[in-house]
Amino acid sequence: MDGAGLDGAWTRRWIEAVAAEVARRKQELTALDRAIGDADHGENLDRGFRAVLGKLEALDDDATPGAVLKLVATTLISTVGGAAGPLYGTAFLKGSMAAGDRAALDAAALVEVLTAARDGIVARGKAEPGDKTMVDAWTPAVDAAAAAGDDVRAALQAAAAAAAEGAAATEPLVAHKGRASYLGERAVGHRDPGSESTSLMLRAAADTA
Amino acid sequence: MDGAGLDGAWTRRWIEAVAAEVARRKQELTALDRAIGDADHGENLDRGFRAVLGKLEALDDDATPGAVLKLVATTLISTVGGAAGPLYGTAFLKGSMAAGDRAALDAAALVEVLTAARDGIVARGKAEPGDKTMVDAWTPAVDAAAAAGDDVRAALQAAAAAAAEGAAATEPLVAHKGRASYLGERAVGHRDPGSESTSLMLRAAADTA
Amino acid sequence: MKKLINDPTKTVDEGVAGFAAAHADIVRVVVDPPFVVVRQDAPVPGKVGLVSGGGSGHEPLHAGFVGFGMLDAAVPGAMFTSPTPDPILEATKQVDAGAGVLHIVKNYTGDVLNFETAADLALAEGIEVQTVIVDDDVAVKDSLYTAGRRGVAGTLLVEKLAGAAAQRGDSLDRVAEVARTVNSRVRTMGMALSPCTVPHASEPSFTLAEDEVEIGIGIHGEPGRERIALEPADRIVDRLLEPILEDLPFAKRDRVVLLVNGMGGTPQSELYIVYRRAAEVLAERGIDVARSLVGSYVTSLEMQGVSITLLQVDDELLGLYDAPVQTAALRWGR
Amino acid sequence: MKKLINDPTKTVDEGVAGFAAAHADIVRVVVDPPFVVVRQDAPVPGKVGLVSGGGSGHEPLHAGFVGFGMLDAAVPGAMFTSPTPDPILEATKQVDAGAGVLHIVKNYTGDVLNFETAADLALAEGIEVQTVIVDDDVAVKDSLYTAGRRGVAGTLLVEKLAGAAAQRGDSLDRVAEVARTVNSRVRTMGMALSPCTVPHASEPSFTLAEDEVEIGIGIHGEPGRERIALEPADRIVDRLLEPILEDLPFAKRDRVVLLVNGMGGTPQSELYIVYRRAAEVLAERGIDVARSLVGSYVTSLEMQGVSITLLQVDDELLGLYDAPVQTAALRWGR
Ligand SMILES: Nc1ncnc2c1ncn2[C@@H]1O[C@H](COP(=O)(O)OP(=O)(O)O)[C@@H](O)[C@H]1O
Ligand SMILES: Nc1ncnc2c1ncn2[C@@H]1O[C@H](COP(=O)(O)OP(=O)(O)O)[C@@H](O)[C@H]1O
Ligand SMILES: [Mg+2]
Ligand SMILES: [Mg+2]
Ligand SMILES: [Mg+2]
Ligand SMILES: [Mg+2]
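From first to last, the protein sequence lines are chains A, B, C and D.
For the record, in the first sequence the residue sitting at position 24 is 28 according to our numbering, with numbers rising by one throughout.
For the record, in the second sequence the residue sitting at position 12 is 16 according to our numbering, with numbers rising by one throughout.
For the record, in the third sequence the residue sitting at position 60 is 63 according to our numbering, with numbers rising by one throughout.
For the record, in the fourth sequence the residue sitting at position 252 is 255 according to our numbering, with numbers rising by one throughout.
Isolated chain A (complex conformation) (with noise of 0.2 Å):
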């Protein structure tokens, strides 16, 4: 609520917050899921954040922000499967990587931090903008995060809010990447599950902070 950086207690606090929010909307992204995928998208990333949040217990009161993430990455890798927890596991797990030991995160870090996952996703997946998938929700909200000057939480406001408008734009989209690409123009007016769950993590993101 200050001007200081984002902490290890707000990384903890915006993870529950995220698992929360899929326990909570678990049935809408499998819905997505099962229009142009395979109905399970909700599915996994609940195991998974279920996972995430037994673990978190164990870790150390004052870890850092990189030590959440790090925790978080290798979680979601062991427990998601599917297409969804390589790529969260590695944007974790990069985002990890550029945080490194800050106690906190600035405006510039958390910047870092969101170009580091977007970057460790396009890398896995090999996805580019407009290929209807998480990247579509990830890209804007980098490039948001980076014009909103230095206030963090300005940072992740803007990130949240062009990721939710990423997540909208993908309806009209013809899949290129992902089971929605097996659809070709059947995949037209449905919104990809992988960018809905991108957008409600940046939008946990800045509620918490």
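Hints in this document: simulated from the structure, not taken from any laboratory.
In this text the structure is predicted, and so the values were computed from the model without any measurement.
All clues given are correct.
The calculated DSSO-like cross-link candidates involving lysine-lysine, where the alpha carbons are at most 27 Å apart (straight line), are:
1) K13/C - K59/B
2) K74/B - K96/C
3) K30/B - K74/B
4) K59/A - K96/D
5) K255/D - K144/D
6) K5/D - K30/A
7) K13/C - K30/B
Computed Cβ-Cβ distance ranges for the label pairs, DEER-style:
8) E32/B - Q43/D: 49 to 59 Å
9) T210/D - E249/C: 40 to 50 Å
10) R183/D - P133/A: 26 to 36 Å
11) A212/C - A254/D: 45 to 55 Å
12) D325/C - R294/D: 21 to 31 Å
13) L126/C - R294/D: 33 to 43 Å
14) Q43/C - E169/B: 49 to 59 Å
15) E319/C - P235/D: 42 to 52 Å
16) R171/C - A100/D: 35 to 45 Å
17) Q43/D - E287/C: 21 to 31 Å
18) A127/D - R28/A: 34 to 44 Å
We put the beta carbon where it would ideally sit given N, CA and C, even for glycine.
With the hints as your guide, set chains B, C and D with the ligands onto chain A.
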């Protein structure tokens, strides 16, 4: 229509009428069998009587009642299958043997034929009256024909009426033979499909005489 | 009910034709009288011939079990309808090598009567025939006041073990005795989650509400013993096993073959969930599961459901179970 | 949708436990990390190890194909969800006998990424790993603008032939080459009459009207290429075969393995009706069906439907197909 006995032409007419009625009421017979059996009685008889029609054409114009009945018997045995195939097959076979080489059947001969048919069914299937099978239509029909005096047409009318009553009277029964016997009390309230097809056959006999 | 068929009146013909083409290395098919599926090398010199058959719709039973170490011929009737005597007689002639023929018949009035006529006709042609009636279904009361127990999934085990006895060269009397022994020691109970629809019918053979299951189902979509609310798989398994165990009865230290059989529309993963609990219950009771078989072997078209079968075995029966078999649907040891 | 399950979140665990208990003569199961189904005698000295895996719900794929002459380990993920790297790594370690390990991966983003991570981790532990991606589904356009073709029923043939190559002692390079050759010559197309429902879901993965079928369906209840009115089986077969034949293309005098695969809820009789027409069409085209396989091998829970797979073979590939195999779901020649 006169007082003469039932000749080969009538026998043929009768069987053609049975075939037509079975085709018309196929679904109904199968629906009865669906409720307390395996949903094929109408289908089975229709397959059999369609085959009979094909064979009847090749039969001599002046074939005796016994010859027509024998053809029906062997055709049903080799095309119907299930329980009804051997049972009706035996009925027509024993009936044809009782008819012998008579050119026409008077009332006494008719009663002999019907009795032989019923006895054949009982000998093969071991059902007693009240077991909720076709025997419950045959037995009152034989009795009514025997009691009808020496007008062969009146005898057939009496047999048809009694068979219809016998079929209706199977409804409150628990079955002791055939598939319906697996159901115990659950068969109560449903008419036995074989008793209904017997009633159909004897009604056609009366109507064509 | 949507089906992958052409003409509803030709489903059996076309299915048999496809089966024959796909397994020409194992079987050949006689189409007139329709249909007899015969072991490719029948009659096998000196060997007792094994013939089974019954209504279609239970595939792979029986045609899938024709081959080395099991049946010599199978006679598929119309859908859920016993075959007529003509093809049964033809099958009997095709497999007779002079050592006689065993008819394995599931206990349904139609099957019993048609096989009976065929056996009489075969006898008249000088072929020695014995008949074994299979009636393993504990869902039906066996009494003077019913048509008796039905033959269901246990039929597979009768065919397997009698087939092995015939393959090793046993006499007709001895093969028939093996078949009767197996039948006397095998018990089955089934259930359905959903009904089946015969191709020529416009509606399913019975209806179940979205939360109902049918316990004690037969294999022709005949209604079962009772209709109850859907329960967890483990509870359902307990319900099926209880009457089986009581009936023989099966006792501590018995050795058994455990067959978990899918009704046609049940995914394999669910069969293994059922197997898991069945094995657990048997272990608790001190019953030794010597062999296991899990799959959809005796089915009712696309019906969803399962049956559990236990066969009490000794060394000899276990040896017959383990003996090599090579058919379209069952293969091991060779 | 009624199911024979207990807790929807435990269907995979309990199914694997049942599978392991029923087939203890062929496999053992590692439960932590969950789950790895390993060939009983792995690692087989000197032999290249074969690991496959993927989302559950396609049984008997992959666990049913673990055993002599086929896979050394299978890694079942959550329902329709690729497994995570941990159990894949564990499987890789369990089957490595020093000759290296081949990962057979169906082409889905999730499977590819998780196997990729596992392969990296295995390499870091000094295990040589090669990966073959299976993408036999002609329903999906293979282009830069999609995730590429899906791996479907052809996977079974890749696993069988590569398994035979490994069993005869081929090197890792050679086994991988066989797998890639098979993948390059195998084509599949599927369709569905009804959807499937994952256990944790309240509703089916898609819906079809009573007169509609989905052509070009995947094996996860993903919507297909197009939705059309129900047609006779023969017309549907023609629709499935046409794009398969054109794609490779298959030509006159080619020899093929023909696999007619049920989606889980389709009765065997319908698969044979499909087989009949497929064999007829291939005969008309002068294509020689050298071997046939008909059954529900690569499924989508209780989905009703079928896929047709053709593999173009030469003498060597045919020899690998015929080589002995002894797994829960596929057995011959031994
Ligand atoms: N190549 C890719 N690059 C980026 N994101 C992807 C890619 N493939 C899939 N995704 C994302 O993953 C989401 C699906 O995740 P999920 O349903 O959990 O996995 P799966 O598709 O394996 O079932 C999609 O909505 C999409 O946003
Ligand atoms: N033992 C028996 N004696 C007399 N009639 C019987 C006997 N068993 C069955 N039936 C008759 O057969 C009818 C059923 O015929 P059908 O449906 O064609 O054969 P299945 O029962 O083999 O499907 C029953 O309705 C009953 O009237
Ligand atoms: Mg998904
Ligand atoms: Mg019937
Ligand atoms: Mg019947
Ligand atoms: Mg998935």
